[in-house]
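**Student:** Residue-level listing of the chains:
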Amino acid sequence: MLIRPPGVVRGSDITSEQHYLERRKFMQLLGGAMALGASTVLQACSAEPTAADFAGAGGPAVPAGQSPLANYKPKVVSTDEALNSFEEITSYNNFYEFGTGKNDPQRHSGKLTTSPWKVRIDGHCSKPADYLLEDLVKPHQLEERIYRLRCVEAWSMVIPWIGIPLAEIVKRAQPTSKATFVQFTTLHRPNEMFGQNQPVLEWPYVEGLRMDEAMHPLTILSVGLYGKTLMNQNGAPIRLVVPWKYGFKSIKSIVRIEFVDRMPRTAWNQAGPGEYGFYSNVNPTVDHPRWSQATERRIPSLFKSYKTQMFNGYADQVASMYAGMDLKKFY
Amino acid sequence: MKRVAKPAVFAAALVPAALLAYGLWYGDLGPNPAETLQLQTGIWSLRFLVFTLAITPIRRITKCNIVIQYRRMLGLFAFFYSTLHLLTYVVFDRYFDFSGVWEDVAKRPFITMGMIAFALMVPLALTSTKGWIRRLGKRWTLLHRLIYFSAIAAAIHYLWKVKVVIGSPVYYAVIVGVLLAFRVFWEVRRRALRRTTGDTPPRRSLRETQG
Chain A
1 MLIRPPGVVR
11 GSDITSEQHY
21 LERRKFMQLL
31 GGAMALGAST
41 VLQACSAEPT
51 AADFAGAGGP
61 AVPAGQSPLA
71 NYKPKVVSTD
81 EALNSFEEIT
91 SYNNFYEFGT
101 GKNDPQRHSG
111 KLTTSPWKVR
121 IDGHCSKPAD
131 YLLEDLVKPH
141 QLEERIYRLR
151 CVEAWSMVIP
161 WIGIPLAEIV
171 KRAQPTSKAT
181 FVQFTTLHRP
191 NEMFGQNQPV
201 LEWPYVEGLR
211 MDEAMHPLTI
221 LSVGLYGKTL
231 MNQNGAPIRL
241 VVPWKYGFKS
251 IKSIVRIEFV
261 DRMPRTAWNQ
271 AGPGEYGFYS
281 NVNPTVDHPR
291 WSQATERRIP
301 SLFKSYKTQM
311 FNGYADQVAS
321 MYAGMDLKKF
331 Y
Chain B
1 MKRVAKPAVF
11 AAALVPAALL
21 AYGLWYGDLG
31 PNPAETLQLQ
41 TGIWSLRFLV
51 FTLAITPIRR
61 ITKCNIVIQY
71 RRMLGLFAFF
81 YSTLHLLTYV
91 VFDRYFDFSG
101 VWEDVAKRPF
111 ITMGMIAFAL
121 MVPLALTSTK
131 GWIRRLGKRW
141 TLLHRLIYFS
151 AIAAAIHYLW
161 KVKVVIGSPV
171 YYAVIVGVLL
181 AFRVFWEVRR
191 RALRRTTGDT
201 PPRRSLRETQ
211 G
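Chains as they are written, first to last, in this note's numbering: chain A, 1 to 331; chain B, 1 to 211.
Any given hint could be a false lead.
Claimed, not checked - Result set (DSSO-like, lysine-lysine): computed pairs, CA atoms no more than 27 Å apart in a straight line: (1) A:118 / A:228; (2) B:163 / A:329; (3) B:163 / A:307; (4) B:6 / B:130.
What the hints assert, rightly or not - Using C-beta positions, here's what the derived DEER-type ranges look like: (5) A:74 / B:166: 37 to 43 Å; (6) B:185 / A:261: 57 to 63 Å; (7) A:129 / B:177: 52 to 58 Å; (8) A:74 / B:90: 40 to 46 Å; (9) A:177 / B:166: 39 to 45 Å; (10) B:122 / A:167: 53 to 59 Å; (11) A:217 / B:148: 54 to 60 Å; (12) A:272 / B:197: 52 to 58 Å; (13) A:217 / B:90: 40 to 46 Å; (14) A:305 / B:63: 52 to 58 Å; (15) A:294 / B:122: 26 to 32 Å; (16) B:148 / A:199: 28 to 34 Å.
Unchecked claim - If the Cβ cut is set under 10 Å, some of the chain A residues that face chain B in the computed set are: (17) 85; (18) 96; (19) 155; (20) 268; (21) 289; (22) 290; (23) 300; (24) 301; (25) 302.
Please keep in mind that the hints were generated in silico from the structure rather than gathered at the bench. Glycine included, each C-beta is placed from N, C-alpha and C at the ideal position.
Just need the whole structure built from these sequences, with the hints factored in.
**Tutor:** Listed below in structure tokens is the structure:
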């Protein structure tokens with residue numbers, strides 16, 4: 001199980017509910033042991049479990065709040081690499097609105113209400129509008145896109161997203177010639193997203209793309225994965241997926257898409273300009289100041305033995321957009 | 001009492017390691033077991049450093065001398081968990097690529113700090129035996145003050161490691177700071193006493209009660 005050969009998902013890779021509950025118990029045990037040892041408990045294992053903990057569990061049934069997605073075009077983009085399990089994808093997340101621990105989003109995102117959901121599209125465009133999520137998505141064909149996701153922290157997964165090309169939404173809004181960048185904003189609702197009460201990042205979370213990046217056919221707005229609507233911890237109900245950039249560029253739970261004429265002030269770039277650039281293209285030759293980006297750990301492998309690929313393996317499709325740019329300078 | 005208490009503390013100190021080993025064996029450490037192991041062994045190393053540093057203040061404030069009997073064991077557990085922590089990095093992250101390890105140590109301050117914290121513990125662990133305590137005499141006490149610097153380096157290592165400095169790395173830095181502040185306070189008071197009385201009160205050596 002340490003290093004998986006490429007291939008299909010095996011039944012054994014999908015965690016059974018029984019096993020999942022046992023793991024909970026184990027994590028509580030570990031948490032209890034730590035509480036004995038010191039008053040500060042580790043994020044990943046802290047807090048007593050509540051009913052909400054289990055709301056997001058995988059398993060055979062469709063969890064509460066999730067509905068199956070019909071009529072999507074399967075495998076529009078795919079890979080021969082093994083998919084990560086639903087359990088892995090929904091229990092190991094960076095979504096600081098729900099805490100900084102990897103398991104925090106699964107445990108704390110149950111409170112978020114995602115229906116009704118409005119998305120405002122405005123800025124330099126001829127057709128600004130407020131859309132209900134259904135109206136935004138319905139006119140477009142859903143597609144399955146199996147992408148690698150490479151986190152800036154040097155771990156990665158393979159995820160079967162379902163979504164629509166962002167380019168189609170952009171075209172619908174008819175951006176004017178002034179629009180050179182697209183800025184995205186996450187929901188700001190501190191009473192449902194407790195992390196927003198802490199000064200971790202500047203809230204709300206903001207991300208951005210250059211217009212050509214937004215129009216690129218690989219860039220999608222995702223509304224689901226594994227055939228079902230997104231779980232809250234994955235950025236429900238609608239999120240960006242830009243597979244050749246580090247994961248934090250793929251902003252979650254989007255409420256606003258704005259066409260702007262300057263480079264957006266993105267959340268992580270504001271928090272650590274020396275560590276997180278605007279572009280943040282996956283690049284094994286440009287290290288993060290605190291760790292190498294040359295290799296990555298493919299979840300759930302123990303070893304960081306997967307060699308990171310330029311533009312996360314999508315160089316053939318995207319490299320031309322950055323021709324002539326010094327990628328060490330524009331990291 | 002001692003015959004029961006000491007093995008009990010020893011066994012308790014092994015519980016986190018046992019739970020991690022169990023979790024690793026049964027695949028119960030979450031989707032990124034290597035990260036869980038690294039985080040847990042690191043945090044337990046820091047905790048045992050804190051426990052070790054807390055012994056002397058507890059002893060001097062409560063006048064409860066018996067706690068000194070646990071100091072060496074707790075210090076050695078700090079070393080034990082930091083060794084495991086270092087191994088998770090060398091084996092899981094770097095897969096025995098020592099040139100890569102060296103490059104990290106030279107290039108990345110948070111790894112440099114972690115390595116300093118570990119390196120400073122090595123001589124302390126080696127000279128923790130009764131024989132070495134006897135052989136080194138007064139110098140043993142002096143040498144073992146290295147733990148102060150190891151703890152400072154460990155706390156900084158944790159602060160520099162995280163993406164956003166909030167929560168537990170800050171708490172640990174504060175705790176280490178408070179524990180070291182006791183030492184600074186005692187030293188300042190000792191010197192002040194020397195100025196007023198003209199003679200030098202001895203530093204309280206804890207060596208003779210080392211159990």
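**Student:** Tell me if the beta carbons of residue 177 of chain A and residue 166 of chain B are separated by a distance inside 39 to 45 Å.
**Tutor:** Between residue 177 of chain A and residue 166 of chain B, where Cβ atoms are some 42 Å apart, the hint holds.
**Student:** Let's test the interface hint: is any C-beta of chain B closer than 10 Å to that of residue 302 of chain A?
**Tutor:** Check passed: Cβ of residue 302 of chain A comes within 5 Å of chain B, closer than 10 Å.
**Student:** Given the hinted pair residue 163 of chain B and residue 329 of chain A, is their Cα-Cα distance within 27 Å?
**Tutor:** Holds, because 21 Å separates the two Cα atoms, which is no more than 27 Å.
**Student:** Can you let me know if the beta-carbon spacing of residue 74 of chain A and residue 166 of chain B is within 37 to 43 Å?
**Tutor:** holds, 42 Å
**Student:** Report holds or violated for the interface hint on residue 300 of chain A, using the least CB-CB distance to chain B and a cut-off of 10 Å.
**Tutor:** holds, 5 Å
**Student:** Sort out whether residue 130 of chain B lies within 27 Å of residue 6 of chain B, counting only the CA atoms.
**Tutor:** holds, 17 Å
**Student:** Double-check residue 85 of chain A for me: the hint is only fine if its C-beta lies closer than 10 Å to a C-beta in chain B.
**Tutor:** holds, 8 Å
**Student:** Check the following: the C-beta atoms of residue 305 of chain A and residue 63 of chain B are separated by a distance inside 52 to 58 Å.
**Tutor:** At 55 Å between Cβs, range holds.
**Student:** Against chain B, run the beta carbon of residue 290 of chain A and see if the smallest gap drops under 10 Å.
**Tutor:** holds, 5 Å
**Student:** Given a hinted range of 57 to 63 Å, is it respected by the beta-carbon distance of residue 185 of chain B and residue 261 of chain A?
**Tutor:** Distance hint for residue 185 of chain B, residue 261 of chain A holds at roughly 59 Å.
**Student:** In this structure, is the beta-carbon distance linking residue 148 of chain B and residue 199 of chain A contained in 28 to 34 Å?
**Tutor:** holds, 31 Å
**Student:** Within 54 to 60 Å: is that where the Cβ-Cβ distance between residue 217 of chain A and residue 148 of chain B falls?
**Tutor:** holds, 58 Å
In terms of the numbered hints stated before, the structure departs from none.
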